[in-house]
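2 protein chains.
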Amino acid sequence: MPVTYPIVGMVGGGQLARMTHQAGIPLGIRFRLLAASADESAAQAVADTVLGDEKALGDLRTFAQPCAVVTFDHEHVPTEHLRALEADGIAVRPGPDALVHAQDKGVMRERLAEIGIPCPRNRIVADPADVAAFADEVGGWPVVLKTVRGGYDGKGVWVVGDTEAAAAPFRAGVPVLAEEKVDFARELAANVVRSPHGQAVAYPVVESIQEDGVCREVIAPAPDLSEERAVEAQRIALRIAGELDVTGHLAVELFETRDGRILVNELAMRPHNSGHWTIDGAVTSQFENHLRAVLDLPLGDPRARAKWTVMVNVLGGDYPDMYPAYLHVMARDPGVKVHMYGKEVKPGRKVGHVTVCGDDLDDVRARANHAADYLRGSITE
Amino acid sequence: MPVTYPIVGMVGGGQLARMTHQAGIPLGIRFRLLAASADESAAQAVADTVLGDEKALGDLRTFAQPCAVVTFDHEHVPTEHLRALEADGIAVRPGPDALVHAQDKGVMRERLAEIGIPCPRNRIVADPADVAAFADEVGGWPVVLKTVRGGYDGKGVWVVGDTEAAAAPFRAGVPVLAEEKVDFARELAANVVRSPHGQAVAYPVVESIQEDGVCREVIAPAPDLSEERAVEAQRIALRIAGELDVTGHLAVELFETRDGRILVNELAMRPHNSGHWTIDGAVTSQFENHLRAVLDLPLGDPRARAKWTVMVNVLGGDYPDMYPAYLHVMARDPGVKVHMYGKEVKPGRKVGHVTVCGDDLDDVRARANHAADYLRGSITE
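Residue numbers (the UniProt record's numbering), protein chains in the order written: chain A, 1 to 381; chain B, 1 to 381.
Nothing false has been slipped in among the hints.
Quick list of simulated restraints, FRET-style, between CB atoms:
1. B/D301 to A/E164: 52 to 58 Å
2. B/Q210 to A/Q210: 52 to 58 Å
3. B/R239 to A/R303: 38 to 44 Å
4. A/P66 to B/E110: 48 to 54 Å
5. B/T380 to A/I379: 53 to 59 Å
Stretch-level coverage of chain B by chain A, calculated; a stretch enters the list once three of its residues show a Cβ under 8 Å from a Cβ in chain A:
6. 18-25
7. 40-47
8. 282-294
9. 323-330
10. 334-343
Honestly, the hints are just simulated from the structure, not real lab data. By construction, the Cβ of each residue, glycine as well, lies at the ideal position given by its N, Cα and C atoms.
One chain only, chain A, in its complex shape (with noise of 0.2 Å):
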């Protein structure tokens, strides 16, 4: 008889699911996964695939029976559902009503609001002329529109800079979250996780750089980052983690303003794209601490292995195929760490990501973006 150690299921089966399975090997866990077709990334490499749809409830109760433990690639559960396998005595970690502040915006953004975490100012605007109305409360325009469920990667969210192209987000029918444009310096993250036995840990604080609202790079540690505001980050990490009793990996995206304050742009309870630069930059990966904690096992040591650490996204290009390019990264640069994610390349879709650790940030850099790149097409040497 084979052991029989604990079965995490994870619904989705993007990278991140990929990712968690391949960090779950060591821990001799069982991996389970739900996924909506045998090509998709993860249900490429998990053995226990069960092929679904995570809107159904009945598809949702076949994968999670056998579960220790069911938890996420992303938001897009049904509330009702999570709180049935509840009921059905399945662990949902995060549970439906710390996962609710990552499914809706005006949720988090009203309870950050009550917590006295730093925001943009926001509010939820009726149409078109509200958020005129609003543009006036906060100064003016240009004002950032969102809607509350559904959005990722730049997807849902709108910078508008009058009334008539307010009109666009209204048009998806679900509620309009305003918020004002902030005078950013630059975008961080601090990475969190938490075990329901309340233990929890602080990644290093990152610096996010995106690209058409998509992150392209991740530095780790964020450069030039005072103490005192990387503490004030993690605070505010940890601060949230705990108040909305979150299990698992949370990731808080913030804004450091030019008049020094930082605000919180968006959460997500999972593993997440700040921080893929742990699989190879830290003691452990974020993906290993987020099976840990769902599992509610002692979570591991956080902190980075390098001086610095950087990581660029691989995206879609003109090549349908980045195998051939493996050649020329690998050749020219044998430090470089590769992450693709068996995804169809479709032009602007992350489909991979290259990590890069050393002493020597700008060779660092360099070279990370270069494998990046050379991986999309975008450059031929």
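On the provided structure of chain A, position chain B as indicated by the hints.
Same frame as chain A, now just chain B:
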């Protein structure tokens, strides 16, 4: 259409295949497994697992058909089957002409002698009386006897002190190799990886500490090993890899004698226990470099990431379930890296390993040994 990166097939469902799968996930390749049962260590994790018998050519063919290359978790596939796969047009790496040196200790010793690699004195022996003659030739008993095929982890190896005891190895009916009992100061391992292109990388030379014929602990790099001796060991391994036309990872187990010589003990042409430290301790693990080599991709940086890395095997003890021990091991030391293989616990069986990296060798050794002993159940605090 999902991307179709090459499929690497690995024969054998043990922990080496499990850890190779883990290393293959970031490379974006497809990993296909031939395992005897769905309960085997690697089969628990690998999506594309074919159940079958590695000794049956039909099963091997079904498994190998879609693979760009076939490689191995062990040395037990019959040479004639490997030649048949090659005749089918499948790349087999390492190839049968190389692999035979890891399958047959008689062939290995003959070939190493031809190319002038220092080995313990040895010859094939016909019967117990011939062993006694060999003992006379090398200066007396005890003598080491090995069946030329099928041994591992101390199985198929006898240290005998007289003619009577020398009878046992002959009972299996396979040829027996006699070797002088080397008065070694310690055991070392030189691990190298070589690609069909002829590119090769050498890992830092490690010290390997055995207990009852089974590896207990590996220290990277080998403490107090002179640069000169380390380079000599690496040159021996690189020379063997080149002369034998090895593709993939080659582990060369070595004796360092009290009189300052390096002698080759055993060869393995696959990822090897003496290289498990590289998962956490090197820029590129032996598993990733094995995959890169069999795919003829440029090899990754083999250098150590920490001053010291210590790996200790977790052997089966009296407790069938090691999972409860995670709580104490992880809470006591957030920096210990646990690697469990999903194997049933049997006394003395390798069921996992732990790794610790750091600057202070005594501290790193103590931490890794404590974690392994606690998981096994041989200490209780």
